[in-house]
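Asker: Residues per chain, in single letters:
Protein chains: 2
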Amino acid sequence: MSHSNSPTAKSLGEHRIINIIQSRLSQMPLMPIPFGDDVSAVNLSENHVAVLKTDMLVGKTDVPTEMSLFQAARKAVVMNVSDFASKGVQPAAALIALGLPTSFAQKDIEEIGDGLNAGAQEYGAYIIGGDTGETSDLIVSVSLFGTTQKRTLMLRSGARVGDILAVTGVFGKSSAGLRLLLDKTCSIDASSRKTLLESVLMPRARLKEGLALSDSGQVSASIDSSDGLTWSLHELGRLSKVGFTLDVVPFGNEVKQFAEQNGLDASELALYGGEEYELVLTVKPGGWDSAVAAVESVGGQLLPIGRAIKERKILLTVDGDIRPVEARGWEHFKSHV
Amino acid sequence: MSHSNSPTAKSLGEHRIINIIQSRLSQMPLMPIPFGDDVSAVNLSENHVAVLKTDMLVGKTDVPTEMSLFQAARKAVVMNVSDFASKGVQPAAALIALGLPTSFAQKDIEEIGDGLNAGAQEYGAYIIGGDTGETSDLIVSVSLFGTTQKRTLMLRSGARVGDILAVTGVFGKSSAGLRLLLDKTCSIDASSRKTLLESVLMPRARLKEGLALSDSGQVSASIDSSDGLTWSLHELGRLSKVGFTLDVVPFGNEVKQFAEQNGLDASELALYGGEEYELVLTVKPGGWDSAVAAVESVGGQLLPIGRAIKERKILLTVDGDIRPVEARGWEHFKSHV
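As they're listed, the protein sequences go chains S and Z. Heads up: the first sequence begins at 330 in my numbering, then just goes up one per residue. Heads up: the second sequence begins at 330 in my numbering, then just goes up one per residue.
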C-alpha cells in the first residue's frame, strides 16, 4: 500500500485526509449543511432536516490506559452528542459499529454495552442497532441521528463582525487531566485531581446549553471544541469569514493550580488542549442578555471571552499587549501527547 | 482485558456478542423495526420512518489480498445498500468512519474516496460526512440513511405458512470466487473465472429489485443474504415463526462447473457461502405473478425455490428424499475460510 513518491497518512494528517476524500465525492444537491461543519444533514421537507454524525473512537489513540471500557464506550457516544449540542439538535437514536479484539472477555463486552447505553441515556437518546467485527484495536464508531427545524440549526458560518464570542465553560481541564495520567511526576491535591481526571474519563456534552441557545435565537455561529479552543476559533473564523479578539483565556482554578505546581502555562493548556466538550459560539450584540438567561435557565453558564473582528486572525490581548494565536490543535495521525 | 473465567469474543462469536450488547441497552419506545432485522428505524410521523444501518468492513477479515482499495471501499457501501434493498428502502445519504494505518499513501486514500463515491452513486446515494482516525487495520464503517413509508417496509417477520419462498438470483458464486482467490490449485475457464471473481470483488446490491418488490405490495418477508443462504433462511424462519421446504438449491452454471472441476459440492457452496447479496423473500400465494412482473420490469429475476411451512425447520427435498439443512453461516470472530 505504500507508494514511494506519495505522502503517507501520517504526514498528511487528519484534516488533509478528510479534504482528499471529500475531493473525490459527488456532492449532494441542496445540502442543508455544507461539508466541514460539526454534523451533516439531509432535507426531510422544506423546513425540517435529518441530522447525522459519525465519530469513531480508537482504543490505541483515544483511550488512556486508566480509562475503563465503560468510560471509553460512554465517551464514544458523548463525543457525538457534543457535535449535536453545538448545532442545537436533540439526538434521538444511535447506531454502533463495534470492532473488538478476539481476546476481549464477555465481561468486557458487557461493560461496553453498559457504557454505550449510559452515554445515550444521559442525553435522552437510544441505541437502536449496530454491527460488530474482529479488529486489532478497540473501535467504537458511533452514528447519531436526530431531526430539527432547519432555521434553528446553529452553523459554524454565521458569525458577524461585532458579535460577542462566548464559551459554555472553562478550558484546560482535559489537557491537565491527560498530563496527570501520562506523567506520574505531575502533582496536585486530591480534590483538583479528581476534577481534572473526571474531565478526561467522564466528559459531559453541553446538550442542554446547546438546545437552550438554539431556542433563544440569539446565536450567530457555534462549534464544539473537541480539537481544542484555538482550533475551534480558527474554524469558526474561517467558515464565518471573520477573526476574533480574545480579552481573556478561559481556564479554571484547577488548571491554574495545576500549571503553577508543575511549571506549565495555564493559557497554553486552555488554548491548545483537545478532547474538550465546551461550546464555542458567537452571540448577536443585542441578544447577549437573553442568551445568558437561556443558558442559566438550564443550569449552565455563558462566559464572554472576546469579539468577532474584521481582520482574519485570532488575537489575544494580554496585559495590554496584542499577540496572534497560532492555529494548532489536536490532529489524528499527526499529534502525539 | 482478559478474565480467566469469562468466554472471549472469539469463543462467543458475532451473534452472541450482539445479543450481549443488546441485553445491556434501554429499548426505544415504539421502535418501528425491532432489534435483529436488517436495518433500524425511527418514527418521523405516523406513516413515515427514518431508516438507518451501520455495517463495518475490516481489512484483515473482509478484504482478500486481490481486492483493491477502490473495491474494498465500494463494497463497504454496497453491503449496507443491500440491507436497504432487502427492506425496499432507497438510501439517500451515507456517512463514513474511516480507520487508516499511518502507512497508507495519498494515492491509497484517493482510491478509497473513489470507491466510496462509486458505491454510493451506483445506488443513487451521496456521501455527506464522516470521520477518520489512525487504526492498525483498514476500517470502513458506513452508516446509511433513508426515509420511507412505514407500510412499505419488508420486514423479516411477515412470512406465513404457504407463502412462496423466492430469491433474486443464484447462490454460490461468492464462495466459489473466494476459493479461487485463496486456493491457487482451483481451476476453471477464464470466462467463468471472471464471473466468480467479480461476485467477490464487485458485488451488486439488489436495490432496484427490492424497491420494485416493495412497490408490488406482494412480499410478506424479506432478508439479505450477506451471511449465506442457509443463515438467511433460518433467520427469516425464526422471526416469522415458520419453517421452509426447499425444492431446489439455486446455484448458477459457473458454480456447478467450478464444483465439478474441483471436487466440491455445488449445493454446499450455494447453501453455506457468505458475502452474497441476493434477496431472500416470501411472496403471498396470490401475488406471485405480480411480484415476478414487478422484478422483471426493472430487469431482474425472481426464482421460486420453496414454500413456508408450519414445522420450524429448513427441509431440503433432493431426489424425493427430505433432509434438514443445518443452521450455519459466516460469522465474524468464529468463521475462518
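None of these hints come from the bench; they were simulated from the model. One or more of the hints may lead you astray.
A pair holds if it fits inside one copy or across any two, identical chains being indistinguishable in the list.
Stated by the list, open to error - DSS-like, lysine-lysine: derived pairs with alpha carbons at most 30 Å apart:
(1) 436 x 639
(2) 339 x 436
(3) 663 x 389
(4) 339 x 389
(5) 389 x 479
(6) 436 x 663
(7) 513 x 585
Small disclaimer: the values here were computed from a predicted structure and weren't measured.
Asker: With reference to the structure, classify each hint as holding or not holding.
Answerer: Comparing the hints with the structure gives:
1. For a Cα distance limit of 30 Å, the shortest separation of residue 436 from residue 639 qualifies neither inside one copy, at 55 Å, nor across copies, at 39 Å.
2. In this assembly of identical chains, residue 339 and residue 436 lie within 30 Å of each other by CA distance solely across copies; the values are 13 Å between and 34 Å within a copy.
3. In this assembly of identical chains, residue 663 and residue 389 lie within 30 Å of each other by CA distance both inside one copy and across copies; the values are 14 Å within and 24 Å between.
4. With identical chains, the CA atoms of residue 339 and residue 389 are at most 30 Å apart both within one copy (15 Å) and between copies (20 Å).
5. In this assembly of identical chains, the alpha carbons of residue 389 and residue 479 never lie at most 30 Å apart, being 37 Å within a copy and 41 Å across copies at closest.
6. Taking CA atoms no more than 30 Å apart as the test, residue 436 paired with residue 663 passes between copies only; the shortest distance there is 18 Å, against 34 Å inside one copy.
7. In this assembly of identical chains, residue 513 and residue 585 lie within 30 Å of each other by CA distance solely inside one copy; the values are 19 Å within and 65 Å between copies.
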